[in-house]
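Q: Fit chain B to the known structure of chain A by using the hints.
There are 2 protein chains.
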Amino acid sequence: MNNPNPTAAILIIGNEILSGRTQDVNINFIAKRLAVLGISLAEVRVIPDIPARIISAVNELRAAYDELFTTGGIGPTHDDITSECVAAAFGVPWEPHPATWDLLAKHMGSEFNAARQRMATMPRGAVPIVNPISLAPGFSMANVHVMAGVPRIMQAMFTALEPQLRRGEPIAMRAVHGLKLREGSIAAGLAAVQERYQHIDLGSYPFYRESGSGVAIVAKGSDVAALESAISEVGHIIAGEGVLPIAGEPPL
Amino acid sequence: MNNPNPTAAILIIGNEILSGRTQDVNINFIAKRLAVLGISLAEVRVIPDIPARIISAVNELRAAYDELFTTGGIGPTHDDITSECVAAAFGVPWEPHPATWDLLAKHMGSEFNAARQRMATMPRGAVPIVNPISLAPGFSMANVHVMAGVPRIMQAMFTALEPQLRRGEPIAMRAVHGLKLREGSIAAGLAAVQERYQHIDLGSYPFYRESGSGVAIVAKGSDVAALESAISEVGHIIAGEGVLPIAGEPPL
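Heads up: the protein sequence lines correspond to chains A and B, in order. Position 64 of the first sequence, counted from 1, bears residue number 64 in the numbering used here, the numbering being contiguous throughout. For any residue, its number in the numbering used here is found by taking its place in the second sequence, counting from 1, and adding 1000.
Source of the hints: derived by calculation from the structure; they are not laboratory data. Note that beta-carbon positions come from the ideal geometry of N, C-alpha and C, so glycine has one too. Be aware that one or more of the hints could be misleading.
[Stated by the list, open to error] Residues of chain B clear of chain A, computed beta-carbon distances all greater than 12 Å:
no., residue
1, 1016
2, 1048
3, 1063
4, 1162
[To be verified] Away from chain A, derived, C-beta distances all over 12 Å, residues of chain B:
no., residue
5, 1006
6, 1103
7, 1167
8, 1187
9, 1236
[Stated by the list, open to error] Beta-carbon label-pair distances, calculated as ranges:
no., chain 1, residue 1, chain 2, residue 2, range
10, A, 107, B, 1210, 43 to 51 Å
11, A, 109, B, 1192, 44 to 52 Å
12, B, 1105, A, 163, 35 to 43 Å
Looking at chain A on its own, in the form it has when it is part of the complex:
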């Protein structure tokens, strides 16, 4: 698939995901937004709250992709170490950010203690990302965008950040599915369609639901006419199996 779109990675910094305590929903939110923006999500990593791990992952991923989005570890407690690790990754001081310091000091008054002052401390050169929910901002440091782990706050920060991101061709999707369809019966036909439409990405996904089981075929790419044409051909292949092709994804 020929894709000149900007590329991106997500780095989830979170013991709570690795321990199974928390079901991640940030990957899916960011992935959907990036598809709309035409930014190609090429990798996701989840790592623990360990400084050496954070520093090396930030440096590896910011070099490999156009944008890196991190979530988690920017609150006031001892396990919130993302911000100072990003400073270390860039080799710059971690220091008070004057405008953020003033903002939080004014809002919090005598409650602006040492722990909360950490949230106004950033790598030198960082640009804050507005937090309309709980005030303490995220920040962008070059192509690294550092956001909260709490989904509601992360989503608000991402929305504030979006206008700054370089966009590409939006990635559209078209789908068709068939009930009681089996992947192995249509595999050769699908492979031939993928061969003819090399600039789209054709995926085959079996599903098992209360409402019925079958296979969904999803075409992804920026050329919508090609997506629709390829999905139409897949519809004929499904019909050739004696199964009714149904437009779109199967209901949840």
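A: Using the frame of chain A, we list chain B on its own:
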């Protein structure tokens, strides 16, 4: 945190996760099981269905950790390339697995076509992982465990695999939470508790729910007495803020 437990990584092979089409639930299932088995989940990666990416990620992660669990890409269609990539990662032939070939041929009869024969083709030396749902097995190749992406099938495969895995000390969790509590007010106290209990892992997680907002403190480790003692100390810190400490995690 001193942790002699075996280590593990998860590799999610799936364009459907990166495109935002699918909300991953496999990470959370495996993470929870690994905690019970005393296997320390140290990293998760999500990568696209691209051979060079799969091969390099498999080789990097199987060298870095005791166990590697992969999900996705083992069906019969053109986008199912995990199995041959694992063979390439190990530098062994990808060839028919006789027992699996016989099993599928017998069950599928004349429907055992070229596409389905791919599901009976494995890296030389692979040991099948039973699939009680849809028959075609996953496999273990040394410390790499290759499973389906469909959650129901992956879960059945993981359950079949569990008895083969070397276990460590189960990772227990104890939690306390407070409503209307704010992280910045208890941060110094929490840091002191973490300092005194260095072999446990103390995390602070703000939550925002319809039923109320606040902060949950979660202690994780294999020394249950230490977890309970640390959480009790945290309860006193919360009470010192004039907030009632409530045992356990906040309700969903």
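Q: Just want to verify: residue 1048 of chain B was marked as not at the interface with chain A; is every Cβ pair farther apart than 12 Å?
A: With a cut-off of 12 Å, residue 1048 of chain B comes too close to chain A, as the shortest Cβ separation is near 7 Å.
Q: Can you let me know if the beta-carbon spacing of residue 107 of chain A and residue 1210 of chain B is within 43 to 51 Å?
A: Since residue 107 of chain A and residue 1210 of chain B have Cβ atoms about 25 Å apart, the given range 43 to 51 Å is violated.
Q: Do the Cβ positions of residue 109 of chain A and residue 1192 of chain B conform to the proposed distance bound of 44 to 52 Å?
A: For residue 109 of chain A and residue 1192 of chain B the Cβ distance comes to about 24 Å; the hint is violated.
Q: Is the claim that residue 1006 of chain B lies outside the interface with chain A correct, judged by CB distances over 12 Å?
A: 14 Å, holds
Q: The output says residue 1236 of chain B does not contact chain A. Does that hold with a beta carbon cutoff of 12 Å?
A: Holds: least Cβ distance 17 Å, greater than 12 Å.
Q: Has the hinted range 35 to 43 Å been met by the Cβ atoms of residue 1105 of chain B and residue 163 of chain A?
A: 57 Å, violated
Q: Against chain A, does residue 1187 of chain B keep a CB gap of more than 12 Å to every residue?
A: 3 Å, violated
Q: Residue 1103 of chain B clear of chain A by more than 12 Å, beta carbon to beta carbon?
A: 14 Å, holds
Q: Are all beta-carbon distances from residue 1162 of chain B to chain A longer than 12 Å?
A: 15 Å, holds
Q: Minimum Cβ separation between residue 1167 of chain B and chain A greater than 12 Å?
A: For residue 1167 of chain B, whose nearest Cβ neighbour in chain A is about 16 Å away, the distance exceeds 12 Å, so it holds.
Q: Examine each Cβ of chain A, and state whether all of them lie more than 12 Å from the Cβ of residue 1016 of chain B.
A: 6 Å, violated
Q: A cut-off of 12 Å on Cβ-Cβ distance, and residue 1063 of chain B was said to be off the interface with chain A. Does that hold?
A: 15 Å, holds
Figure legend: structure checked against the earlier numbered hints; hints not met, in rising order: 1, 2, 8, 10, 11 and 12.
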